[in-house]
Structure formats: C-alpha cells, structure tokens
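Chemist: With the hints as your guide, set chain B onto chain A.
There are 2 protein chains.
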Amino acid sequence: MKRAVVLLSGGLDSATVLAWMRREGYACHALSFRYGQRHEIELARAAELAHALGAVEHKVAEIDLRAFGGSALTADIDVPKDRADGEISSGVPITYVPARNTIFLAFALAYAETIRSSDIAIGVNAIDYSGYPDCRPEFIASFERLANLATAAATEDGARFKIHTPLQMLSKAGIVRLAVELGVPVGRTLSCYDPLPNGTPCGHCDACILRRKGFAEAGVVDGG
Amino acid sequence: MKRAVVLLSGGLDSATVLAWMRREGYACHALSFRYGQRHEIELARAAELAHALGAVEHKVAEIDLRAFGGSALTADIDVPKDRADGEISSGVPITYVPARNTIFLAFALAYAETIRSSDIAIGVNAIDYSGYPDCRPEFIASFERLANLATAAATEDGARFKIHTPLQMLSKAGIVRLAVELGVPVGRTLSCYDPLPNGTPCGHCDACILRRKGFAEAGVVDGG
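Line by line, the protein sequences give chains A and B.
Following the numbering used here, the numbering of the first sequence begins with 1 at its first residue and continues without gaps.
Following the numbering used here, the numbering of the second sequence begins with 1 at its first residue and continues without gaps.
Pulled out of the complex, with its shape left as it was, chain A reads as follows (with noise of 0.2 Å):
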C-alpha cells in the first residue's frame, strides 16, 4: 500500500484532503504542528479525525513560529472580525503567517523521506482564499521542484515527490460538497480562527464567513 504524509489542521480542508488520499487507495500518516497557534483545540480536534478517516499515524510537530511573530495568527494582534465579504479577498490577510506553508511541507518532506514515501498532501485552495501567497499552484509546482532536488530519496533512490492538493480549484462550497461525499464529519472540523477554549466557532472571523458561505452555497446543513 502506498504511503503518503497528509498535513491536517483539524479544520475542513485538511480532513477532507485525508479523506480524499484513503479514498485513493493511501496509507495515510496525518502531520499536525505545535506551532504557538491561538489555540490548542484545533489538535484535539485533529487526532479525533485523524482517527475517524483512518489515517494510519498521527504525528505532531512541535515549531516555534511565534519566535518571529508577524501574523495575527500567533502574535498579539487581534484578529479581525465581521468584515464584509469583499474585504477578505483583498491582498493578504492579516492571518498569513511568514512562510508557513513553506515551514509545514518542509516537515511533510523530512516525514514523507523517512518512512520511504513520496506523496504529500496539503489542503490549499487558490479560489476562496487567494490572498495567501504560498497557497497558489505555483507555489506548489516550485516546492515539488524543491523537494526533488532536496532529498537523498530523490537524488540516489530515484523517487519522485508529488505534492497533492485536491482542493485546489474548488470553491468553498465545492469542497463542502466533496467533503459530504468522502464521509468527513464536518461537525467536527473547525475553521475557527478564534474559537472559545470548548471549540465553539467566534462565527465573525474570516474563516466563519467562508465557512458559512460555503455550507449555504452547497445547501448542506454545518454541524451534520
């Protein structure tokens, strides 16, 4: 059976990426991070999907993004609530974290090297969420050159890494769909960027408004 090394955030995205590789015949080792994130209930929730898709591993990298700063996401800058629709797309967000997309598939890299795989999958999504620089196809072309070039695996055992990234040219509302399909509890995944201690969603934070839109568009009740 072929492995693969999928990142999962505990949010819908990832989960059904994960869904998405057992649905196509994986082994999938689940890759989280410690990574100072506001919150620790996205991990709880992580390892409760991890096990509900099947992954056959669950690892948990411990990074100390916060060491940096620069983003709303793990500095102290509030992030921003009830914006209209038209604001979230403009330019990138005050939640893009430096590189973050870099650091996280680098780790996919060094994990997918040692237990002799070379499938990587990430839920990155250049329709909804364009402002993020390092979600973008071409981004995620340059990083499978990289790891290409990158690797002992690649260099002297002839593998070939591919990053997958399913969700690619889906809206929200499609990955809604997909997600519903796969079997993905989307209950239990949480978007939230800012959610109570308990992982109830803020419902006022980018991530809730995309969500929202994306459950309305795809006529799916959230929560099911």
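Bear in mind the hints are in silico, worked out from the structure with no lab data behind them.
Here the structure is a predicted model, which means the values were calculated and not measured.
Do not rely on the hints blindly, as some may be mistaken.
[Unchecked claim] In the BS3-like style, the derived pairs of lysine-lysine whose C-alpha atoms are separated by at most 30 Å in a straight line are:
#1 B/K2 / B/K59
#2 B/K59 / A/K59
#3 A/K162 / B/K162
#4 A/K2 / A/K59
Modeler: Quick look at chain B alone, frame taken from chain A:
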C-alpha cells in the same frame, strides 16, 4: 543598513559566513535551531560566536526533527568513526538529516520576512561534502525561486530574496583561510558530530577528519 538572516550552527563554516556577511555590510540576525541534535554545546558556541562576530540578534528556534528520526545526528544511530578518507564522500552520509536544509531555510525565510529582510546566508559547500543533496547549488537556486513565490514580501511588496552561499565553491582549506582572514575565532567553532559535553571534539568522526585535513592543507594551527 541592510539586514540579513544568517544560519549559524556553531561550526566553522557558518561562523565564517556570518563574518563574511558582516564584512559585506549587513546587519546580521543569526538563527540557530534546537532540533534534537545530540549535543547542546553547539548552541552555546553559536551564541558565543554571534556575539563575538557582531550579530545584532541571535534567535534559537525550537524544532523537533527527532519526531521523524532517520539520521545519526538525531536518532539512536551511531555516528561513524575513523573512516578512511574515500568513504566520507561516497553517497549520502548516515549523518544526513532528511530535508534539514529545507526546514532551516524555511525558518530563515519566515524570520527574514518578519524583519523585512530579503537576504539569507547559509554555509553550504559543494566541494568537500558533496554527499548532502541539500548543499548543492541547484538546491539553493531552487529554494531562492520558491522564496520569491512563497511570501507576501515578494508577491505584494516587490522583495527579491537572495540566498547567499559564500562558501559554495571553497575547499575546506579555503574556508579555513577565509575564516582566519575575516577574524573568526576558529578555536571557538565546533565541527564535531559527537563531542564531549565540554565541547572537546571526538577527533574521529567525518567532520573532525575533514576539519583536520582542511587546517593541515591551509597551514593553519587549529584552536588559534
């Protein structure tokens, strides 16, 4: 004054890079990692060298490469000792850490973007230690391209990231000569993979053998 992030391990090569970047006129922000390496003494040396060579800041980021294992530098695998010269450069060494330079450069990129720097320096070297795939010029060039796609600084603010590799084409003897020329306190640098807790090098690992050869060829007494 232009700012640069300099990856600093406490070894001879990275200390020489720091001294080089200082001479080039950069305000240098040194970055080290606590990554589950066998010995902590190299971090103490890194702090000492950052101070001695005039870095404006020295950060130590905590990362957890031991979670993945896979290398003699982070897992319970013996560091090879007293190998003949020819063995050192044949293939990828057991001391190779999967995706290590990819991870280190990803963190440097996050740090650089946060302090509005677009210059990163790393002591990779393609000559004497060509067994590491992530020390080759094509890997560095690929990371530079990635950096210019990965960040808000590059995609929104017009920054052009450059990865400086002043040691790329130098022999170990050449690095020793450069270090001396730049005033690096070479006796305080630590190359050994498996030193005593007090910092005394083992004298028998690949790094010790290579260092001894470099000093001999340069006609420089080590420890000076």
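Chemist: For this structure, which hints from the list above don't hold up?
Modeler: Of the numbered hints given earlier, the structure breaks none, since each of them holds.
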